[in-house]
Amino acid sequence: MEVLKIATAGSVDDGKSTLIGRILYDTKSLTTDKLEAIESKSKQLGYDYLDFSLATDGLVAEREQGITIDVAHIYFSTAKKSYIIADTPGHVEYTRNMVTGASTSQASIILIDARKGVIEQTNRHFFINNLLRIKDIVVAINKMDLVDYSEEIYNGIKADFEELMSKRDYQDQKITFIPVSALKGDNVVHKSEKMPWYKGEALLEHLEQLDKADIFNVGTPRFPVQYVIRPKTDEFHDFRGYAGKVYGGNLSVGDDVIVFPSKTRSKIKDIYFYDEKYETASRRSSVTITLEDDINVSRGDMIVKEGDIPTIDKQFTANVCWMDSNQLTPGAKYVVQHGVNKVLAKVDRINHKIHPDYSGIEKDVTGLGVNDIASVTFKLNKPIFYDQFKNHRTNGSFILIDTQSNSTVGAGFIQ
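Numbering (the UniProt record's numbering), first residue to last: 1 to 415.
Note that these hints are calculated values from the structure, not bench results.
One or more of the hints may lead you astray.
To be verified - Derived SDA-like pairs (lysine to any residue); straight-line CA-CA distance at most 25 Å: (1) Lys382 - Ile312; (2) Lys194 - Glu152; (3) Lys363 - Arg349; (4) Lys382 - Pro310; (5) Lys342 - Gln315; (6) Lys245 - Asp313; (7) Lys390 - Gly307; (8) Lys116 - Glu163; (9) Lys184 - Glu201; (10) Lys263 - Arg240; (11) Lys191 - His206; (12) Lys28 - Thr100; (13) Lys184 - Phe76; (14) Lys245 - Leu4; (15) Lys191 - Arg240; (16) Lys342 - Arg299; (17) Lys41 - Asp145; (18) Lys379 - Pro261; (19) Lys199 - Leu164; (20) Lys382 - Asn406; (21) Lys314 - Glu292; (22) Lys41 - Tyr25; (23) Lys167 - Asp357; (24) Lys41 - Ser29.
What the hints assert, rightly or not - Cβ-Cβ distance ranges computed for the label pairs, FRET-style: (25) Gly307 - Lys245: 16 to 26 Å; (26) Trp197 - Arg115: 13 to 23 Å; (27) Lys342 - Glu205: 41 to 51 Å; (28) Arg265 - Thr366: 43 to 53 Å.
Values in this document were obtained by computation on a predicted structure and should not be read as measured data.
Where a beta carbon is used, it is the ideal one built from N, C-alpha and C, also for glycine.
Working from the sequences, and respecting the hints, build out all of it.
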């Protein structure tokens with residue numbers, strides 16, 4: 001079954017967790033004991049309605065404060081698709097959590113409180129979706145029940161957001177506006193009769209109709225080798241296959257390919273999925289590839305089509321989201337994990353800090369604190385083969401690992 005990963009974003013109390021809880025409830029994805037727990041807790045809190053946010057806010061601090069702090073991944077399915085929703089926090093101090101939740105998503109839901117409209121946090125959420133090249137965005141204007149389902153208010157918020165859209169540098173995004181009430185269930189799973197002026201689809205209807213081919217960014221094919229398969233059995237004594245996942249484009253039997261970093265040339269001989277052979281491996285499929293020539297290919301190598309060569313360099317500049325309490329400073333050393341490869345890197349310079357509310361950049365920066373986003377240049381101890389993130393999300397991204405603690409301290413997107 002097709003899997004769709006969705007990130008949610010919204011300011012405090014915009015209703016992200018309630019929206020997700022409502023989807024789980026209306027699609028009958030909540031277990032009986034979970035539903036009973038929500039009913040019991042809602043009564044205990046004195047509510048005359050079911051507090052659906054309790055379905056996703058798992059931390060004690062989240063339930064006490066009625067806010068989301070950590071990134072929660074929620075799973076549910078319909079007859080058409082399986083969904084993974086990242087419920088990310090809306091506070092400014094949790095920017096890193098928003099980046100983490102959105103980094104692996106193919107679609108995003110940005111919530112706006114109909115009473116407040118577009119605010120500074122909305123700019124930040126849209127900036128992160130733009131930075132991470134999320135292709136399909138739903139702007140869910142929530143709490144329409146508190147503004148009497150006003151078409152005028154909806155149109156005003158839509159106009160303000162369209163003005164914000166003019167600041168983006170990623171023009172391939174598809175933006176869809178949907179007025180909803182997560183608490184009441186209007187336009188969430190089922191179309192609401194309380195907003196006859198809205199002619200579009202309910203939220204889940206829209207998600208159900210998203211075409212997988214349209215969501216993923218199309219780039220040049222990249223096949224990072226994750227494992228070399230050598231059975232060494234009597235039946236497959238000389239078999240040598242390279243297992244991995246195809247990113248960006250398709251690979252077919254007969255394609256002329258180059259293996260990096262050795263730059264050895266060969267042709268694709270066979271493509272296997274378990275014990276079946278295929279002529280073509282489509283993007284995002286996990287397969288095993290064999291080559292015409294018996295050449296040295298190891299884990300961490302990359303197979304690409306001849307003529308679609310990545311950049312090979314010991315230096316690059318990237319937008320970095322810093323996630324650690326210790327500052328990133330020029331001269332500091334980290335491990336860059338790019339795909340399955342790990343290389344030692346030194347911070348050459350911080351070019352400028354980026355304000356994620358579209359208010360501009362800040363130069364002459366001496367260090368990055370937690371949740372800061374900046375353009376940073378790195379020098380590496382050996383070359384890597386990469387693409388710009390805007391052209392290839394997978395081969396253009398990396399994480400930074402602290403050499404002492406082995407903690408992930410940053411995420412980067414190569415410019």
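| message | For a quick check of understanding: which of the numbered hints are violated here, in increasing order? | response | Failing hints, ascending: 12, 15, 21.
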